[in-house]
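Protein chains: 2
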Amino acid sequence: MTQIAFVLAPGVTALDVVGPYELLRLLPDAEVRFVSHEPGPVLTDGGVLSLVASHSFAETPSPDIVLVPAVSVQDARVGELVDWLRGVHETTRWTTSVCGGAILLAMAGILNGHPATTHWVAQPLLSQFGAESRPEERIVRSGRIVTAAGVSAGIDLALWLVGELYGAEQAEVVQLMIEYDPQPPYDSGHVSKASARVLELATARMAELYPGESQPPE
Amino acid sequence: MTQIAFVLAPGVTALDVVGPYELLRLLPDAEVRFVSHEPGPVLTDGGVLSLVASHSFAETPSPDIVLVPAVSVQDARVGELVDWLRGVHETTRWTTSVCGGAILLAMAGILNGHPATTHWVAQPLLSQFGAESRPEERIVRSGRIVTAAGVSAGIDLALWLVGELYGAEQAEVVQLMIEYDPQPPYDSGHVSKASARVLELATARMAELYPGESQPPE
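Going down the list, the protein sequences come from chains A and B. If you read the first sequence in this note's numbering, its first letter stands for residue 1, the second for the next number, and so on. If you read the second sequence in this note's numbering, its first letter stands for residue 1, the second for the next number, and so on.
If you are wondering where the hints come from, they were derived from the structure by calculation, not from laboratory data. Model, not experiment: these values are computed from the prediction. Errors might be hidden in some of the hints.
What the hints assert, rightly or not - Pulled from the structure, derived: some chain B residues nowhere near chain A, Cβ distances all over 10 Å:
no., residue
1, D75
2, G130
3, Q183
Said to hold, decoys possible - Within a straight-line C-alpha distance of at most 20 Å, the following computed EDC-like cross-link-like pairs (lysine to aspartate or glutamate) qualify:
no., chain 1, residue 1, chain 2, residue 2
4, B, K193, B, E136
5, A, K193, B, E169
6, B, K193, A, E132
Glycine included, C-beta positions come from ideal geometry on N, C-alpha and C.
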């Protein structure tokens, strides 16, 4: 069995973790778990939806694959999560992040000197932590570390990872199962494609929704 | 405020609902809720992850927008959900579904004579319920009803809907916020693009994971 641990912590962005989960859970030998400080509901960043952790970090000392979504770096217990990540990374087959999850990996020292990506808002913070920010790339691999850009990029990361683990045919099977044939009706999904006005509005809205999250935690 | 009700029920496919939620929650005047028979955790189809409903169906008699994901049509209480859908559709501004959610709308009589889409596995069932199946389309609009194809298609539906509700600029803002610039590393996300072998494997795996779900409920 391949044990896959999806991290949950207060302020998690739901799609960061649910997107990859929906592909990786389809693997024939996957033992999927949602891990947090304790089992039980974890409130996401929107303040309405909770996802339920199935296991604690302590119960999950050696996952084969760990996936870290964006969570609040201002949460009082973020240090425990960072310590757990540092520990499990010693023996993972793949250590992965989506969106601001890369900041957690960086805080754990895992990205020191590695190329990596994150949500466009957090790219400067990633550099401050000693990673080589690659804002133009959607998925960045460095050895057994794979980081993805913001939120929806986790779906591309997971599909790529299925191909690495089980080959192209299996990746195509899970892609068809979730009918991942994207046809976005607009084309503003990357900073390089958005208008100056759209970038300005999105930056302001991110700052409003996530105050202080793109600054180093104290 | 625009009240948006995301339906949860046993056997729900998490990404069907979390994908659209992650865009629609960013609307300036959205009052988002996750509705089910009762508030509390609802187990998803994978058997590991639960999502927590914030409100009951009874507490939510008149949402402006309702979004129905795939849930188990074999669940003992599916009739209550279908009755609720039939009722709320009378006054919704938009009634929407993702993946097998269209089957629930069809069971409620809402799709009679309407063009609609669903997951490729469920297209024949959609026709049996009196809808005009459109398996080649990712999003189908018919009046104030919008249905999306399988799982990941809900993201495209939600982005389209933001544009309808608030215009192109707002759609581009939320697209950038979730960095929805898809770059799937494989190209097998629609039946017309998949090889015969991949289709065969995916069909077998769907039947294994969802026994009886693509048959009419008894």
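**Hint check against the structure, violated hint numbers in rising order** = Going through the list in order, the structure violates hints 3, 6 and respects the others.
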